Structures are given as C-alpha cells and as structure tokens.
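Colleague: Starting from two chains that each stand alone, build the complex the way the hints lay out.
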Amino acid sequence: MSNHLHQAAVIARRDFIATVATPAFLMFLLAPLFMLIFAMVGGTGARMIADSGDDAQRLVVIADADYGTYIEAADERIRATFPLGIAPAELERREPQGGDPEQQARALFTESSIDVSAVLFGFPDTPRIIYGSGARGADYLALLADTAARDRQGGTPPGETVVEIERESYARTSATIGGQQSLGFAALFLLFLLTLLLAGQTVSVLAEEKGNKVIEILAAAVPLEAVFLGKLVGLFGVALLFVAFWGTLAVLAVMALPGSGAALTMLDPAIGFVPFLALAIAYFAMGYLLLGSVFLAVGGQASSMREIQMLSLPITFFQMAMFGLASAAAARPGSSLALFAELFPFSSPFAMVAKGASDPRLWPHLAAIAWQLLWVSITISLGARWFRKGVLKSGPSVFARIGALFRGKLA
Amino acid sequence: MTVEPALSATALVKNFGSKRAVNGVDISVPRGSIYGILGPNGAGKTTTLRMLLGIIDPDSGDRELLGTTRPRTASNRIGYLPEERGLYPGMKAREAIAFMGALRGLPWAEGRSRADLLLADAGLGHAANDKIKKLSKGMAQFVQLLGSIVHRPELIVLDEPFSGLDPVNQERLEALILAERDRGATILFSTHVMGHAERLCDRLAIIASGRLRYEGSVGEARATMPMQAHYTPRDNGEALAALLPADAVRENGGYVFNVPDSGMEALLAMLLESGHGIAGLSLERPSLHDVFVKLVGEETVERMESEAEEAA
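Chains A and B, in that order, are what the protein sequence lines are.
Heads up, the first sequence is in my numbering, so the first residue is 1 and it goes up one at a time.
Heads up, the second sequence is in my numbering, so the first residue is 1001 and it goes up one at a time.
Careful: at least some of the hints might be erroneous.
As the list claims (entries may be wrong) - With a straight-line Cα cutoff of 25 Å, these simulated PhoX-like cross-link-like pairs (lysine-lysine) come out:
1. A:210 to B:1019
2. B:1133 to A:210
3. A:210 to B:1134
4. B:1019 to A:213
5. A:213 to B:1131
6. A:393 to A:213
7. A:213 to B:1133
8. A:213 to B:1134
9. A:389 to B:1019
10. A:393 to A:210
11. B:1137 to A:213
12. A:393 to B:1019
13. A:213 to A:389
14. A:210 to A:389
15. A:210 to B:1294
16. B:1131 to A:210
For the record, the hints were derived by calculation from the structure and aren't laboratory data.
Since we're looking at a predicted model, the values are computed, not measured.
With the rest of the complex left out, here is chain B (with noise of 0.2 Å):
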C-alpha cells in the first residue's frame, strides 16, 4: 500500500509579466517527513510555496495538498510561515499566537494557553505579555515561528525559517522542526543554506530560474556527482600528471579529481608501479553545497548565454 504524499505539485507555472518565475516544477513530499526546497534568490522558491499553499494559483498545473485539490480547504491543517515576517506591533506575543491559532481554527483560550506552553519552551516565557514592538527581530520571528505551529497542524511550511536567526536561535529553531516531525508533521521549508538542509532533510528539491534541477534525498543529491580522490604522491615526478585522470588539479603539494568510473584499483596499482607511491588517499563524497552549486552554477551560465544571445 502506499501512502499519498502530504504535498504534491506537478509541472506548475508561475508568470508574472512577461517574466516567468516557476517553469514546470513538480514536487512530491512524502507524509511525516522534513522536505528542503533548496535555490538561491529569485529562484522561484517563494512563488513555489505560494502555489502549493493556494496563496496564489498557478497559471498552469495541478497541486495537490493533504488529499485536496483546493489547498484553501485544508488550511486548518497547515501552518506557514513567510518569507517576509508580519505581525501586528501593537500585539503581546501570546496574543499573537493565540491570533494566528484562532485563523486556523483553535480557539482563543486554548490559544493563549498553548502560546504560553510554546514560549516557555523555547525560552521566551519572559516574553509573552510583551508587545511585538518591543521584542528584537529575532524574538518576533520565533513568536511568528510558534504562531504557525500553535494549531498543531499536519503540514508546516516555512519560507526561509533561518534568515534573520541568531546561530543560537537557529540551533533551536532545528530541534523544534525536528520535535515537530516526531510529533507527525510534514515540514516543508525553503533555504539557500546547505548546512540546515544537510542536517534536516529527508528529501529535497533544488531550483534555480523557476526550474527543478533536482528532486530527491540528500544521499541521492551528493551520488549525483561522483566521490573525490585526495591523493598525495611520494614522488612528484614529471611523469605522474600524465598518469593521473584528465580532470586532476594540483592541490597543497597533491592531486584532486573524480573518482575514475572503472573505479581506484587500477589506477592505484599503475601509481604503486611507477615508483610515485601513496603519502596519503582520501575518498570523499561531495557535499550538498558541491551539488548545489554544480546545478546552481550550470543554470547561471545558461541565463548569461540566453542574455548575451538576446542583447546579439
């Protein structure tokens, strides 16, 4: 039997103008699991969760959420938080949660005990009959962060929930997306930093230009691209750089380069044989960040050929 995903989106296209800002993504993140939209600014992530929220349609393509066609429908389940931080200044904190609660359906004083709960928890207890205004950036963002979760709801989803934290705040701010995910949530959030979704993500999407350049775990991403020898000779000769793979760069007195198809043992052998000899070997897998910036990289390359074909 399989289970049907939390959040399901396929080819979505998204124009604004005569500028188009999602250009066919297809997305599918499994229930109970923590999901990373990965791309750098003006990728089209934020115009991604919008569609699949049904903040915005589409221009064209399907998405499907919690079982429903109609996201709007489901909202009592969902809870979100923007890329852009808004919260009414002249409210307390527990109000603000209480408020935010209340739209999704849970009522006031359920609210504001629960908001009293979430504070405390994540150490703003002192806080919470504290208007906005007064708290630091940081402080409104998590009373947001927990206003989006205080109706517990089946899917979160948050638009760039690090920028603007703190490195302690972050820290916390990864337990409590991973307490949600143990409570049974799906978590759905875009990054442009690797380091959070390396740690948190069960499977990701990148994007870049409106476009999915990759969906899937975060061990299928980093098999796309093969593992890296760090290999330091004995003996540096002449010799060795025409025995080593076309793509090998000199690097702190060795080599780096691909992990050859055929694998390391030959080469390893023809190395041993010729007298240069092994001083060190390492094998390392490449890093999200590797693959990213692969993708990300290709991708800006492409546009900067389309804009120099377009200004020829």
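For reference, chain A alone in the conformation it holds in the complex (with noise of 0.2 Å):
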C-alpha cells in the first residue's frame, strides 16, 4: 500500500511540475484577471452607457415656487432612504405656463432635452399624473403628492418633522439566518465555480500519456489504481496553488479595505469562521477530487482531442446538475431534498459546505468528508478498471466470463 502511494506521489510530483513550470501555467494563473480586465472595461462602458440614460430620466412637477416647495421637501426626505443605486428618477419643477396645465405635461414628453417618465400636475386641488412606460415613476410621484398635502393641511412647514425621533444603533453580535444562508451559497457558489475552472482540466491528462506512449510504462510499473490517484492529486496540486494564490490576493484586498474588520465580523457561520475555513477548503478539495476523479475516468477512455472535446458539454452539464441539485438543499435546509444533496457523492461537498454556514454540528462534516473520500477512492478503482477493460483490453470480456460461469454451472 505505502509502495502503491510512494508509486502516486511520483506521478503527482511529475506532472505538477510538468504543469507548473511551464509559460503556459502562467498564462493559466493570470486568466481571473484577464477577465477581471475585460469585466472592467465591460462594465465600465456599459455602465456609462446606462448611466448617461440615467442622467437624462426626469420626473416633472408643474407647480408654481410655494407648491412646489412641499413637493421637493418631500423628495429629499424620501429619496434619501433609497440604497445607492434605486433612487427613482431626479426631480424637476416647471413653473406652469398658463392655460391648459394637461397639454403643458403631455408637452414635456415630446421634449428631446430630457426623458420625461412622469408628470405630476393640478396639486394640490386636482393632482393628476402622466406617466411613459413603467408606473414606478408614477407612484413615486403620488407618493409625494399625498405626502406634501398631509405636510400643507397639517400646517406643517416643509423639510421639518413633526416629532423629532430618537436613534441609537445596535450592533449585533451574531449573524441572522439569512445572512448565514447567504454565506452558505455564496461558499457553495465558490465550490462549484472552482471546480468548473479547475476539476475539467483532469478530464485530458490520460490522452496525453496515451498519446506520448507513457502510459505503457506507467501501467506496467504502477498499478493502475496508483497512476489515476497520482494523475488527480497532480493537478488539485496545480488547482490548490491557483487558489491559494488568488485566494491570498483577495484576503489582502478585503483587509486593504476600510471597515472590512467589521465585515468580516458579520460572517458568522454557524460552525464558526476558521472551522468553516478549513471545511471550505476540505470540501473544495473533496469536490475536485471526486469530480476530478470521474472526469478522469471518462477522458481515459477517449481515444482523440475531438473525443475530449466532445465529452466537456457532459461534463460541464454533470456539473452544473450538481451545482443546482446543492443550491435547491441550501435554500431547504433540513428538507429530504437536502439530505439527499449532502448523502449523493458527487453534490455532497456542495451541499455540505453550505450547511456548515448554518449548522453547528462538526460530526457531520467529519462524517461527510469520510463518506466523500470512499467515494472518491471508489471512483478511481472503478476508473482504473474501466480503462483497464477499455482500454487495454484486459482479462476476458464480460461474455466470456458469464459463459465460463455458465459452463462451470453445467459442468
């Protein structure tokens, strides 16, 4: 046994310097920032894009100076309790011109210097509203319509309050079952990105050796159990220094930031953060492994590139079925649904990872990470027998073992 993993740790060794020191791996581990890059500038432009729309979106009140004046008092109350982001459209008031105040609103959507997307008109007697698409606009405006006019009946002068409110902030010393729920996902979410980065890369390494005619020598000194277990911890070495070396990179950033300190305080897993920590990266491990495993077997056997090709839209679907079979147990903890997702290998570090957030119990983990390790050992036996069968056409087939039974029977 010691020999058979001695005989792993030097396919491993081999191929994670054959992947690490290469011009290529750089390129691998700088690709988040390529797309970081290209995120940026995206969403730089289309930001712009949106935001020079958002700059000329306007809601109109026709009212003359003392009307109005209630109006935009009530506006900067309200717009203020607005996230950054959802504000309702800038308000603007129009003096009225004199005669018909309705065709005076209908005017205002035909202007070209501005994007009317609703009219207020007649407060406070007759208050009407003209709207374009979308009543969001609309209700914002009635709402500060009612809102002046309870402010001028009740004779109360605008921008003051009536009673003056005391505040005083609570800081919470533990997390809410959402935001644990949250940080379970978000963890889950993680996983699986990782995974689908870094797990699919396993899925060619076999039709390398097949193709350069090392396998020959690997299956003849190794058994074959041996080269797939030192193949698949080859490349989660390679994946474990991408994450390292990013996941490093953002813990300096987060702490770079201003008040991350507090921030951080409010991820509180219900196991407790370093617990979690280490469960994240032993469950991130076991879905590589695991993944990485079947990923293994199923491009041992592919014969060409095309084949391998081919094979990745499986695969990426197998993923993506975990993914979401996981996501449906997160958001129903303690469902069958959720039992099912943690008990299944294959979504089980998913699964499990995100119940850590919200779960104290340890045992769990500690059985889950067992149970996915068998699992794990599991699918490389039966990856290596399939290639041994497969690929090197070993033993007899299944026919004539089922006729040699037969026959034994009879004899």
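Modeller: Laid out in structure tokens, this is it:
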C-alpha cells in the first residue's frame, strides 16, 4: 500500500512540475486577471451607457414655487431612504405656463433634452399624473404629492418633521439566519465555480499519456489505481496553487478596505469562522477529487482530442446538475432534498459547505468527508478498472466470463 | 536442488474480440539467463510479454514471476522497455531515467546519480541535461532503455529492443544486455531479427500466430533440422542424381541435400565407387533463421489454408 502511495506521489510530482514549470501555467494563473480586466472594461462601458441614459431621466412637477417647495421637501426626505443605485429619477419642477396644465404636461414628453418618465400637475386641488412606460415614477410622484398634501394640511413647514425621533445603533453579535444562508450559498457557488474551472482539466490528462505512449511505462510499473490517484493529486496541487494565489490576493484586498474588519465579523457561520474556512478548503478538495476522478475515468476512454472536446459538454452539464442540486438543498435546509444532496457523493461537498454556514454541528462534516473520501477511492478504482478493461483490453470479456460461469454451473 | 525459473507461464490464452492473439503459450525462463521470444510481426510476442508482466490479465492460463503469481507485487524488481517507446518530451534525459527508477521505488537522488553514470557509460553523458524532444530517436530510445535498468532489476523485459537503433547502438545494446546478465539479472527480450537472438540467447521461444512453435536452447533449435551437405562432384554425369537423396537440389554446379538419418558414410562410398568422385564437400548445421523460416512458413501455410477454407 505504502509502495503504491509512493508511486502515486512520483506521478503526482511529475505532473505537478510538468504543469507548473511552463509558460502556459502563468497564463492559466493570470487568467482571472484577464477576466477581471475585461469585466471592468465591459462593465464600465455598460455603466457609462446606462448612466448617460439615467442622467436624462426626469420626474417633473408642474407647480408654482409655494406648492413646489412642499413637493421638493418631501422628495428630499423620501429619496434619502433609497439605497444607492435604485433611487427614482431626478425630480424637476416647472412653473405653470398658464393655459391648460395637461397640455403643458403632455408637451414635456416630446422634449428632446430630457427623458420625462412621469409628470405631476394640478397639485394640490386636483393632482394628476401622466406617465410613460413603467408606473414606478408615477407611484413615486403620487407618494410625494400625498406627503406634501399632508404636510400642507397639517401646517408643517416644508422640510420640518412633526416629532423628533431618537435613534440608536445596535451592533449585532450574531449573524442573521438569512445572512448565514447567504454565506452558505456564496461558499457553495465559489466551490462550484472553482471546480468548474479547475476539475475539468483532468479529462484530458490520460489522453496525453496515451499520445506520448508513457501509459505503457506507467501501467507496467504502477497499478492503474496509483496512476489515476497520482494524476489526480498532481493536478489538484496545481488547482490548490491557483486557489492559494488568488485566495491570498483576495484576503489582502479585503483587509486593505476600510471597515473590512467589521464587515468580516458579519460573516458568522454557525460552525465558527475558522472551522468553516477549514471545511470550505476540505470540501473544495473533496469536490475536486470526486468530480476530477469521474472526468479522469471518462477522459481515459477517449482516443482523440476531438472526443475529449465532445466530452466537455456532458461534463459541464454534470457539474451544473450537481450545483443545481446543492443549491436547491441550500435553499431548503433540513428537507429530504437537502439530505439527498448531502448524501449523493458528487453533490455532497457543495451541499455540505452550505450546511456549515447554518448548522453548528461538526460531526456531520467529519462523516461527510469520510464518506466523500470513500467515494473518491471507489471512483478511482472503478475508473482504473474501466481503463484496464476498455483501453488495455485486460482479462476476458464480460461475455466470456458469463459463459465460463455458465459452463461451470453446467459442469 | 532445482532453481525455480525467474518467470514461467502455462497455457496462456488471450483473445481480442473474436481474434485469438495468444493461444496456449508455455514459457519458462531460467534465472540468470538471456531468453528470446522470436516471432514475426503480429505473432503475439508483445501480448505475451504484457500478460507476463501483469499489464493485462490473460483470459486463461497461469503465470509466475520472480516467485509470485501476482506480477504487480514484484514490479520494483522488474525493468521493462515496451515496444512503443514513450517518454515525456519535456523531461531532461537524466530526469527521465530517475523518474522511471522512482516509479520502481528508487529514490530520486540515487536515480539521478545512477542516470549520470549510465548515460556516461553509454556515451550519452553530454545529453544528460538535454530534453527528450531534443534527442534523436535512437538516443531517446537508449535513454528509455537505461530508465528500465536504472533500479538494477532482477528481471529485465525488453520488447523489440533493437528496432530503431543503428548498428553502433545495436552493438552497444548487445554489450549492455550481456553486462546485465553478468550482473545476475535475467533478461527476456522479443525480436524478429535472428542474429541478435543467435548471438545472445541461452534459450528461446518461437511464437507464430499466437502459438508456441518451439521452446529450448539455440543449439537444440538448430538440431531440430538435419545438417545440410553441400556436395560438388568431379564427374557430373547423368546417373549422379539417382544416387543422391531425393531432396537434393542443384546449386552452383553442385548439390545441396539434408544429411540422411543413416549418415554420410554409405553415400560417400557409393559416390566414389560410381566414379563421380568428390571435388568438394561441406556439412553445415542449419541456422536459427532456417529453423524460424521453417516454423513460421508452415504456420503461414496453415493460416492461408484456413482462410481459404473459411472463404469457401
């Protein structure tokens, strides 16, 4: 056994070095940087276009200065309660031009300098609102008109409050249930993303060995199970290097942000922050090894790069299915679906990491990791047998075995 | 006391689909010997070697290798050069040798230092730090061969080791095989070139169409065919042909025929009495090549007849 582990380590070492000590690895390592740059450039462009459109959006009130002051004061108070980015369009007051105010309001929709989404006129006696596409602006104007009318009727001067309310900030010492579930889902998504990006590489690794004929050397010297394990561990080492590099950068970036310490205290998984972090790493390893061993086994059967490319689609679907199952489980903790996702070996790491955020018990995780390790070894063993049978053509065929069994029974 | 063989197999059978690649092969390789497996392409040599090493399992039959029926458990005591040469192109020569040693349990550092020595002995010391992809095909093949012996195995299995090597490297390889035998290793190699087998092998097996046609020493193999007489008469009269054995054929003004079971004495006396005389006479032991062609030729005829029957 220890000899086989030593042999697996030799193969893992070779694969790790052969992958890391290449210029291509640098490209691989920095690939997220390119993604970030493209996302930033694209996002900035899209935001600029969206902002330029938003800047032109207007809600208009046709009212004289006396009445308009009430509306503007109400707008100032209510607008302040909207989170950044989702506030209604900017409010603009226009003096009544005399004549029919409805005509003036309708004419505003044809102005080329601004995009009018809703117009309020006739305040305070007969207020009316005309709006374009989407009623959200009209709803907001209605709220302003109602608030302004109440202030005016109650004799409250514009901008003043009726009662002073004392406010006190309360610092929570524990995360909310929703916060823990969000953290669990975020961890699940991160794990899925990492395995999607990294575990898929294992699919082509045996094709390389078949191409350069080294598989015969390996198969002669080492049990195929050790070859599979070595390949898997070697590539997992590469993945771990990738995660460690970007993980360190991410932690440094977060710590450099002002107020990050307080924000981090909000990340309060039920099992504790450090155990949760350790579990996330363990489940990443398990997820990678489980899915990687499946991909390795499937890829080992491919005889050309074209076949491997064709395999990448079902492999991605398989990963998506596991993610979907685990996500559904995370949304319904304690349900039978959640239990199934936690027990099904290939979704278990994802489902269990989410569980760690909301369940304080440690033993289910220890049991789950042992269960997943068992399945890693089962998958590797089955993959090696499949390779031996399907590619190396070792031993009698299944039909020959059945025939021999049948003959034995008859005899 | 009998010394158990380094490797033995009984009634090995292997089918690939409906094709029987190996059909009941028996082999016994004595310890410390050089053993050759001869056969034409597609005879089943490689499949036999792969079964013996445990790379694939036979459909039926038994095998024992270095005292175990599970070849895998002895893998650290075995060196193997496969027919299809394979190395990582990005690896340096000495690293490739050390890697192959490490797979067989040799520590990396020890593997590297042995690799340097082996490369130097093989005249490839200058290429120790060259990547495999920079080496010629023959050099790369030699590097792989050194990788298969770097851990000083008890049993060395070489599948067609001479193919792809130039005459100089073939000579080097022959010397290397003899040196490994002198070290105490058992060497088993396959080839379809008779010269190497004849010069190197203590014993050999001839396989054709998946069947063992012969197993024994080179001398015994040659003894399976009668000696040939090359006779040149002084008087080449018409009556001479009637005196000679029925298989005599004319060749370069003389006759070639198998020495009769009864020996040459009576025939020579008759030739002298009849006045044909003896201008030249030589007796030659058939070569391994003759034995091989005889065995493989028969097999080929059988196969052709069988195919003809199937077609009919």
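Colleague: Take the hints in turn and mark each one as holding or not.
Modeller: Going down the list of hints, with the structure as the test:
1. A:210 to B:1019: holds (23 Å)
2. B:1133 to A:210: holds (17 Å)
3. A:210 to B:1134: The hint holds at about 21 Å.
4. B:1019 to A:213: holds (24 Å)
5. A:213 to B:1131: holds (17 Å)
6. A:393 to A:213: Since the Cα atoms of residue 393 of chain A and residue 213 of chain A sit roughly 16 Å apart, the hinted pair holds (cutoff 25 Å).
7. A:213 to B:1133: holds (14 Å)
8. A:213 to B:1134: At roughly 17 Å apart (the allowed maximum being 25 Å), residue 1134 of chain B and residue 213 of chain A satisfy the hint.
9. A:389 to B:1019: holds (16 Å)
10. A:393 to A:210: holds (14 Å)
11. B:1137 to A:213: holds (14 Å)
12. A:393 to B:1019: Holds - the C-alpha atoms of residue 1019 of chain B and residue 393 of chain A are around 13 Å apart, at most 25 Å.
13. A:213 to A:389: holds (18 Å)
14. A:210 to A:389: Between residue 210 of chain A and residue 389 of chain A the Cα gap is close to 15 Å, so the pair holds against 25 Å.
15. A:210 to B:1294: Violated, at roughly 38 Å.
16. B:1131 to A:210: holds (20 Å)
Going down the numbered hints, you'll see the structure goes against just number 15.
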